[in-house]
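Position chain D relative to chain R; hints supplied.
Read off the chains here:
There are 2 protein chains.
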Amino acid sequence: MRIGVLGTGMVGRAIATKLVELGHEVRMGSRTAGNEVAVDWASAAGAGASEGEFAAAAEHGELVFNCTAGAASLDALAAAAERNLAGKVVVDVANPLDFSGGMPPTLTVANDDSLGERIQAALPGARVVKALNTVNAEVMVDPAGLPGDHVTFVCGDEQGAKDEVVALLGELGWPPDRVVDLGGISAARGTEMYLALWLRMMGALGTNRFNISIER
Amino acid sequence: MRIGVLGTGMVGRAIATKLVELGHEVRMGSRTAGNEVAVDWASAAGAGASEGEFAAAAEHGELVFNCTAGAASLDALAAAAERNLAGKVVVDVANPLDFSGGMPPTLTVANDDSLGERIQAALPGARVVKALNTVNAEVMVDPAGLPGDHVTFVCGDEQGAKDEVVALLGELGWPPDRVVDLGGISAARGTEMYLALWLRMMGALGTNRFNISIER
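Those protein sequences? They're chains R and D, same order as listed. The numbering used here applies: residue 1 is where the first sequence begins, and numbers increase by one. The numbering used here applies: residue 1 is where the second sequence begins, and numbers increase by one.
It cannot be assumed that every hint is accurate.
To be verified - Coverage of chain D stretches by chain R, computed from C-beta distances (three or more under 8 Å per stretch; other residues unrestricted): (1) 90–97; (2) 168–180.
Unchecked claim - To give a feel for the contact side, a few chain R residues facing chain D, derived at Cβ under 10 Å: (3) 24; (4) 200; (5) 207.
What the hints assert, rightly or not - Far from chain D by the CB rule (all over 10 Å, computed), these chain R residues: (6) 2; (7) 56; (8) 69.
Calculated directly from the structure, the hints in this document are not laboratory data. None of these values were measured; they are calculated from a predicted model. A virtual CB, placed ideally from N, CA and C, is assigned to each residue, including glycine.
In isolation and in its complexed conformation, chain R is listed as follows (with noise of 0.2 Å):
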């Protein structure tokens, strides 16, 4: 299918190549055309990959990836513009991550509201689906590469556009069975706050190729 991929970093291009061998038509979006990694990307993709202008990626995907900076987000899918994502899947892989006061980051927005929240919000017409969010670039895109049955999640509020999330998912590597749907968009809350361990156990582990499996 077409997907448009927003964000030119280490999610972005994992992302947008890992969707470029399973065949799709991937146009990775920067907030500038002619964008030198985008190009650079576009160019040893190959076939499939091309790039342009958030918007242009966004006009071009019959489903939306958000790989930009969490705290970047908003004004990224505004330059997007709704009017390209209405009616689309919006696959909201971004955390608001906060440097600014040091590492670990704290979030830009935590415990009564969320990222993928006020990205829904924003787009009224677009479906958004919290996804990928807990896991590095690497495990996103080859979960195989971990042992044991480790797990992702997915929340939003219309089934429909979690479907076709989780479909999306198989082909990137993660059975069913190990993407946990949690609910409503505003489940992104959990996903997103989740990023405060996940950091510290970054720290305690010495490596960001980790995930966590569910024991019952």
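This is chain D only, laid out in the frame that chain R set:
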């Protein structure tokens, strides 16, 4: 050893009962001496079990567990009195849950502060260790009741205090290699904010008897 357990709720009773079974002399503390739940507990738990006001339980303990409701913990610890806690390990098991806005609860403190930090700040002479707050009461005292190498977390500003708590966790059934040391007490932000995910996982899984293991 002599241990004070502040709080008569499910967590306090579970931990106090297990500690008595392990041979410790446990005094359960509550706001008022003669609290019916505490008296019933002490009577049922048998030799080694007693009850009293928060201050009496704190004075009794060589080590003290805070198992009060998070929103009431600072008041409970003030009643316990710093002089009764000075130099002692205070194991903070509480989560600062705020149910006033309905379910799922938010946190009374999060993101740039935590209950663990506030307790340490309120009791500078105590050696506060945050522990066990990421699982339900049954799992706290019977980790073998769940399969797999699921983990628990400690954090605190003093290594010696954490070492004491890790040893006590070992008595509760948590092997040292399944206790993740997240660093100083500010890491309590991580384990407390994880509750926002834990609560939604509980809803999705349909049980509160679960825990996470780490795959890497």
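Structure versus earlier hints, numbers of those that do not hold, lowest first: 1, 2 and 3
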